[in-house]
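So you can see what is in the structure, the chains are spelled out below.
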Amino acid sequence: MRVSAVAALVAVVMGVLVQGAGAAPSSSCPNAWAHGWQKLADKVGVPVYCPTWMPNPLDAQIGGQYEDIYSIGKDRSYLVSFLEHGDLGSGDVHVNFRGYPGRKAIPTCPGPVGKTTVPCFADPAGHMRANGIRATVYQVNQGADQWHILLAWHYRGSLYTVSQHVINPYDSATRIRQNLAHLLKSLVLVQPARG
Amino acid sequence: MKLTRRRFIGGAAAAVAAGGGIYELVDRFATTPKRPVAEPAGIPSEQHLINLRTTSSEGVEVVVPPLHHAVVTAKLDVGDLPSAQRQLEDVLREIDARYELSPAGLGVTVGWGIPYFEKHVAAQAKTHLPHDRRAQKPVLLPTRRFPSDPSSTILEDNDVVFLLRSDHIQHIEDARAKIAALRFLSVTSVRRGFAGGGFDGGQSLPKKMAVAAGVPGADLIPDGAELFLGFTSTQKAGLGPGTIANHETLGYVDLRSGYFRNGTHMHLSHIAEDLEAWYLNFDFDERVLTAFRPGMTNVRRNAQTIPQGPSQVSGTNELVRQFHRTGRFGHSASIQATSRLLHDTVGVDGTHYPKGTAIPQRADFNTLDNPFAFSADPARDRMDKQPSAGVHFVVFNPTGDDFERNRLAMDGVLPGGTKLSLPPRNRGQGFNSVLTTTHRQNFLVPPRRHRSFPLAEL
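Those protein sequences? They're chains A and B, same order as listed. Numbering of the first sequence is given in the numbering used here, commencing with residue 1 and proceeding in unit increments. Numbering of the second sequence is given in the numbering used here, commencing with residue 1 and proceeding in unit increments.
If you're looking for bench data, these hints aren't it; they were derived computationally from the structure. Treat the hints with caution; some may be incorrect.
[Claimed, not checked] So the derived list for chain A, only partly shown, Cβ under 10 Å to chain B, looks like this: (1) Ser27; (2) Leu88; (3) Pro112; (4) Gly114; (5) Pro119; (6) Gln146; (7) Trp147; (8) Asn168; (9) Ser172; (10) Ala173; (11) Arg175; (12) Arg177.
[Said to hold, decoys possible] Some, not all, of what chain B presents toward chain A, calculated at C-beta under 8 Å: (13) Pro216; (14) Glu276; (15) Tyr279; (16) Leu280; (17) Asn281; (18) Asp283; (19) Arg328; (20) Pro424; (21) Arg425; (22) Gly428.
Where a beta carbon is used, it is the ideal one built from N, C-alpha and C, also for glycine.
Generate coordinates for the entire structure from the input sequences, incorporating the hints supplied.
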C-alpha cells in the first residue's frame, strides 16, 4: 500500500514536470532562429528539422550564444549542437541535431576497444511518436552523442537525430526522454529553397 | 527551491522509511521468497553455509539469496578475553535459539581479522592458524590493493566482522542490536543491502530500490535485473557447492592442529558502481562481452541470466587467445581461469567435484550505502549522505591466496606469470572501468565451535 502511495506521489510530480516543461508547439521555426535553419537546409539540400522548444536555458539559434558545434560534412551530413556549460556546478544542458541526407543506415563509429567499428547509435529502447514522426530511442551513442539519449528517424530517405546529454540538471534518462518527447513534438520542417 | 524528481523521490522515500532508512523499503518492494523449513538438527559446522533454495531464471538454475544483508565491523576493547568469549558466545547462542539457520530465520557469520590474531592471541596463532601449502603463505593474508584499485582504496584493520543474512530485516536488526550492545565491541561500520526479489517476474528489488533512492542511472537498470549491473550472478553452477570453500576440502591447506577445520577465508570490500557509465556507454552486446567473455554470440537481446556451467568455462589459453584477438577479456572469463577446478577433484570428505566446478562461495549484495550506513570515522571512510549504487562484496575462499588469484585474474594477472596487459581500469578489462573499490579487508571465519574469540581459550 505504501509503495502505491509513493508511486502515486511520483506520478503526480512527474505530471507536473511534464506539463510545466511543455508549451504548445509552433507551426513554424521561430523568427529569431529561422534564418540559421533555412541556411542549413539550403546548404545540405534536404529538409531540416527546426525545434520550436528547447530545454531551459537553451535556444536553438544557429550562431547564437548557445551554439557549440556547427558542422557540415562532405557528404552533407550535419551536426548542430547547443550547449550551456555550468561553470559553477550547475551542470550542462547539451542538445545535438544531426541529419544524414540520402542515408538511411545508422553510421558507424570507431569502437571503444581495439580496431573495431560500432554503430554510432545503439541499444534501442522503445519508440516515440509525435508530429508524424516515429522515432527510435537509442541509449548508447558515440562521438558527440556519447552520454546522450538519442532519437533517430527517417524522412524522405534521410536519417535525422536529436539527442540530449544525461547530466545535471537533467540528470536521469527519464527526464531526458521527457525533454526529447517535447523536442520531437516541437519539430518543424524547414524546406531548402528551390535553387 | 526547485523540486526535482530526484529530490522528491528521495524525500518521499526518506519520509516513509524514517528510522530504518531506505532499506526498509525492501520489505515493501519484495515478497518473501518461498523457503524450505530448516532442519533443527542440521546446523553445519561451517558458519558460512546457509541453505538457499533455487529457482529457474530464463532456463538457468539460480540460487535465491536472502533479501536483506548487513555487515557489522568492530574493534575490540577487551581486558578479560575468556569472559568476552563467553559473553559473545552467549549472545550468538541466544540468536541461534531465536532464529533458525535459514533465510526465513537468520544466518550469522563471524570472521576475525589479522589485528585480532596479532594483538590478542599471538602465541596461539603461531601454532594453530592454518597455512596455505599451495601458496606457501598463511591462509589469512594482509589486505592488499590490486592493480585496478585506486590509491584511495582503504585497507581496513578491523578485529572482527559479523555478516547477517535474512529475508526479514527485523531479524537482522535484532541480532545487530544484541551484538552492538556488547561493551567490548567498538563498532566501526554498519553496512546494509539487499539482493534478489526479481525472479518471480516484475520489477526486481535492486531496480526498485535504486529508483526510489534516485541514484544516477537507476532508471536505466533493466526491470528484472537481479543486480544493478543487469545480469544474474547467482547461477547455481557458478557458485561453489557445499563445503568446497572450506580450508581443508581441496587440500590446499595445512590445518596444523586442526583447530580451524570447517573454517574458511572471507574477503569483504565495498565497490562503487557507475551505473550511468555502464548503461549509457556500453551497449547490450558490449555489456555481455564485458561481463562474460569476448566472442560471446547468440545471447538473446536483453537476456539477464546467462548459463555459467562447467561447459561455459573459459580456459587460460582461450582467454589469452581472445584477448590478443579482441583487445579485451571478460569479467567471468578471466576469473574462471582461477576460480574453477582445472580437473576432476575428490574432496577430503570423498565428494567428487567435476572439472570446471566453481570454488568461491559468494555472498555479495547490492547497496545504496555511500559507502556505509554507519561509520565511526566518517571523514576517513568518506561518508556521504547521498545514496550511491554499489555492492558490498563478500566471498568465501579456502585461502586468502585463492581469493587473490581470482581478484588478480580480474585485472588480467594470471597464475604462471601470464599478464593480459591493459592499463588499470581500461574498458577492455571487464567491469573494472565502471567499478571503484573503496574499502577492503580479509578475515578468517572459524568453524562454528570456535566462532567466538578463536584461540582465546587455549
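message = Checking hints one by one. Is A:Ser27 an interface residue toward chain B, by the C-beta closer than 10 Å rule?
response = violated, 31 Å
task = Report holds or violated for the interface hint on A:Ser172, using the least CB-CB distance to chain B and a cut-off of 10 Å.
result = At 5 Å from the nearest chain B Cβ, A:Ser172 passes the 10 Å test, so the hint holds.
task = Using 10 Å as the Cβ threshold, decide whether A:Arg175 counts as touching chain B.
result = Check passed: Cβ of A:Arg175 comes within 6 Å of chain B, closer than 10 Å.
task = Please verify that hint: B:Glu276, Cβ, nearest Cβ of chain A, below 8 Å or not.
result = This interface hint holds because 6 Å falls under the 8 Å limit.
message = Given A:Arg177 as an interface hint, is its Cβ closer than 10 Å to any Cβ of chain B?
response = Since the shortest Cβ distance to chain B is 9 Å, the answer is holds.
task = Hold the hint about A:Pro112 up to the distance rule: shortest CB distance to chain B must be less than 10 Å.
result = holds, 5 Å
message = Next item in the hint list is A:Leu88. Is there a CB on chain B closer than 10 Å to its CB?
response = Hint on A:Leu88: violated, closest Cβ of chain B at ~16 Å, above 10 Å.
Hint check: 8 Å Cβ-Cβ cutoff, B:Gly428 to chain A = holds, 4 Å
key: Hint status (Cβ of B:Arg328 to nearest Cβ of chain A, threshold 8 Å)   = Holds - the Cβ of B:Arg328 comes within 8 Å of chain A, reaching about 5 Å at its closest.
request  = Would you check whether B:Pro216 satisfies its interface hint, that is, whether its CB is within less than 8 Å of any CB in chain A?
outcome  = Status holds, d = 6 Å.
query = Does A:Trp147 pass the interface hint, meaning its C-beta sits closer than 10 Å to a C-beta of chain B?
reply = holds, 5 Å
key: Proposed interface contact between A:Asn168 and chain B, which counts if any beta carbon pair is under 10 Å   = holds, 9 Å
The structure fails to meet hints 1, 2, 20 and 21 from the earlier list, while all remaining hints are met.
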